[in-house]
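Enquirer: The residues making up each chain are set out below.
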Amino acid sequence: MRTRAPLAGLLLALVLVFVGPAAANAQSSDQVKKEAKELAEKNGGKEADVNCIGDLIDGKRVDDCHKAPSPILPPTNELIWGAISFVAVFLLLWKFGWPGIKAGMNARTERIKSDLDQAEAARTEAEGVLTEYQAQVADAKGEAARIIEDARQTADAMKRDLQAQAEADIAAQRSKAASDIEAAKAQALADLRGEVATIAIGAAERVVERNLDPETNKALVESFIDQVGAGRN
Amino acid sequence: MILGLDFPPISHAIEWRDLFGTHGAFAINKVVLLMWLSVLVVAVFFFIASRRQQLVPTGVQNVAESAVDFVREGIIMQTIGKEGLFYTPFLLTVFSFVFVCNIWEIIPGAQMPVNARMALPMLMALLVWVIFNFVGVKNQGIRYLKNVCFPPGVPWPLYILVAPIEFVSTFLVRPLSLSVRLFANMLAGHLLLISFAVLSTALWNSTKVGAVLPGALLIGLTGFEILVSALQAYIFTILTAVYIGGAMHPEH
Numbered sequence: 001m002r003t004r005a006p007l008a009g010l011l012l013a014l015v016l017v018f019v020g021p022a023a024a025n026a027q028s029s030d031q032v033k034k035e036a037k038e039l040a041e042k043n044g045g046k047e048a049d050v051n052c053i054g055d056l057i058d059g060k061r062v063d064d065c066h067k068a069p070s071p072i073l074p075p076t077n078e079l080i081w082g083a084i085s086f087v088a089v090f091l092l093l094w095k096f097g098w099p100g101i102k103a104g105m106n107a108r109t110e111r112i113k114s115d116l117d118q119a120e121a122a123r124t125e126a127e128g129v130l131t132e133y134q135a136q137v138a139d140a141k142g143e144a145a146r147i148i149e150d151a152r153q154t155a156d157a158m159k160r161d162l163q164a165q166a167e168a169d170i171a172a173q174r175s176k177a178a179s180d181i182e183a184a185k186a187q188a189l190a191d192l193r194g195e196v197a198t199i200a201i202g203a204a205e206r207v208v209e210r211n212l213d214p215e216t217n218k219a220l221v222e223s224f225i226d227q228v229g230a231g232r233n
Numbered sequence: 001m002i003l004g005l006d007f008p009p010i011s012h013a014i015e016w017r018d019l020f021g022t023h024g025a026f027a028i029n030k031v032v033l034l035m036w037l038s039v040l041v042v043a044v045f046f047f048i049a050s051r052r053q054q055l056v057p058t059g060v061q062n063v064a065e066s067a068v069d070f071v072r073e074g075i076i077m078q079t080i081g082k083e084g085l086f087y088t089p090f091l092l093t094v095f096s097f098v099f100v101c102n103i104w105e106i107i108p109g110a111q112m113p114v115n116a117r118m119a120l121p122m123l124m125a126l127l128v129w130v131i132f133n134f135v136g137v138k139n140q141g142i143r144y145l146k147n148v149c150f151p152p153g154v155p156w157p158l159y160i161l162v163a164p165i166e167f168v169s170t171f172l173v174r175p176l177s178l179s180v181r182l183f184a185n186m187l188a189g190h191l192l193l194i195s196f197a198v199l200s201t202a203l204w205n206s207t208k209v210g211a212v213l214p215g216a217l218l219i220g221l222t223g224f225e226i227l228v229s230a231l232q233a234y235i236f237t238i239l240t241a242v243y244i245g246g247a248m249h250p251e252h
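Residue numbers (the working numbering), protein chains in the order written: chain A, 1 to 233; chain B, 1 to 252.
Worth flagging that the hints you see were computed from the coordinates, not collected in a lab. Do not rely on the hints blindly, as some may be mistaken.
Unchecked claim - Partial list, computed: chain A residues near chain B (C-beta under 10 angstroms):
1. 76
2. 80
3. 89
4. 90
5. 92
6. 93
7. 99
8. 107
9. 157
10. 230
Claimed, not checked - Where chain A lies over chain B, by a calculated footprint (3+ residues, C-beta under 8 angstroms):
11. 60 to 66
12. 123 to 133
Glycine included, every Cβ here is placed at the ideal spot set by N, Cα and C.
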């Protein structure tokens, strides 16, 4: 489609070249090409197609003229711009993007590292506190047991003391009671002895109707009682 | 006209007119415009990502850091090791630039992968060739050539075969395969999409119903080409890293 207009120009140019015999002989090949191109352009031919005229006049084929550029070989402009682009993007990234990102990522790494270190330190500290606390609890338990044991021993000692005291008191009271009884008994015996002597004297006086002097009587009776008492004991 | 389809010649699918009246060595065409746009996209993207660095990354920063992390952990640490981290900006540039240049393939309005033209793959492959040979000579000195051609652990008579093969594969085939792999994959994908688009249009104009299957395939292939764009960027970058790593540490 796009080759139709230039081809028309081309045909026209060829007609010019071959129909004008005098001109063809006289003019040089370059001049013919120039005029043909100008005519083709005047008729609306595009640059790439117009350039074909020269090739055709040189005896080349239409296929040579319209041969597509290689899809593999890179054109110069893309090579140059490609090189500039790569260098530009590398420099921009290296100078403006990379330092910030690197610093940010390193800062985060440091932060995480220090946070982990802190957490580790806190854990160690907590473990220390726990151990200390456990030791204190164990101490307290030991202390409590010791206090209870002391109290128990004290109570035992007090019990033993009180018991001994009570026994001593009982023994003292018992001996006191015994001595009191002994004293009362002696007293009673003495009283009884006097009473008996008096009664006996009276009775004897009446019996024998002989009044001895009281002193002699008393002596007589007491000796009698002694005899009696000795005999009863 | 093939089977009633007006299929454009390949040159029409990848050759673009010079624009703005430019000619010659600095002529600007669609591919050049897309190169500029790619530079702009990559540079602006990483610039924005680096501007407001937050402790918990979101949005652009998140994507950019994922890309950095991918290049650093997924490519460099796997192929070169820690001493390769120096090359992170370069490999990050290669990865992101190749990817953006590829992805124009499926962006409506652009629909032309820059790497379906030989210029950029060839330039980058040559640059990679220069870099990995420079690294090799810098790290191993003159023995670099010997280490490449005479890998250890080969019985000596085999060196007659191995040495020329290693030489050719390292110094001649590597840049060629690196560039042609990228170029050919993108060109093939581009032509594939064009084929199905042309087919769908033709069948829509004639039968309507007949366009359903090629239309569905066109959508599927568009998704597939996103994968190919990313994959080719990854392959180009990881091979670059492998070449640099190989030049850094001779085989033991």
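Enquirer: Each hint should be assessed against the structure and marked as holding or not.
Expert: Each hint tested on the structure:
Annotation: residue 76 (chain A) was flagged as interfacial toward chain B, and the flag holds, the nearest CB pair being 5 angstroms apart, inside 10 angstroms. Of the supplied interface hints, the one on residue 80 (chain A) holds, with its beta-carbon coming within about 6 angstroms of a beta-carbon of chain B, less than 10 angstroms. Checking residue 89 (chain A) against chain B by beta carbon gives a least distance of about 4 angstroms; that is within 10 angstroms, so the hint holds. Checking residue 90 (chain A) against chain B by beta carbon gives a least distance of about 4 angstroms; that is within 10 angstroms, so the hint holds.
Here the hint on residue 92 (chain A) is kept, as its CB sits about 4 angstroms from the closest CB of chain B, short of 10 angstroms. Taken as an interface hint, residue 93 (chain A) checks out: its beta carbon lies about 5 angstroms from the nearest beta carbon of chain B, inside 10 angstroms. Because the beta carbon of residue 99 (chain A) sits about 7 angstroms from the nearest beta carbon in chain B, less than 10 angstroms, this interface hint is met. A cut of 10 angstroms between beta carbons decides the hint on residue 107 (chain A): the least distance to chain B is about 7 angstroms, and the hint holds.
Checking residue 157 (chain A) against chain B: minimum C-beta separation of about 71 angstroms lies over 10 angstroms; hint violated. The beta carbon of residue 230 (chain A) comes no nearer than 125 angstroms to any beta carbon in chain B, farther than 10 angstroms, and the hint placing it at the interface is violated. A count of 3 residues in the segment 60 to 66 of chain B with a Cβ less than 8 angstroms from any Cβ of chain A is obtained; the coverage claim is therefore met, three being the minimum. Beta-carbon proximity to chain A at under 8 angstroms applies to 3 residues in the segment 123 to 133 of chain B; the threshold of 3 is reached and the given coverage holds.
Taken one by one, the earlier hints fail for this structure at numbers 9, 10, listed in ascending order.
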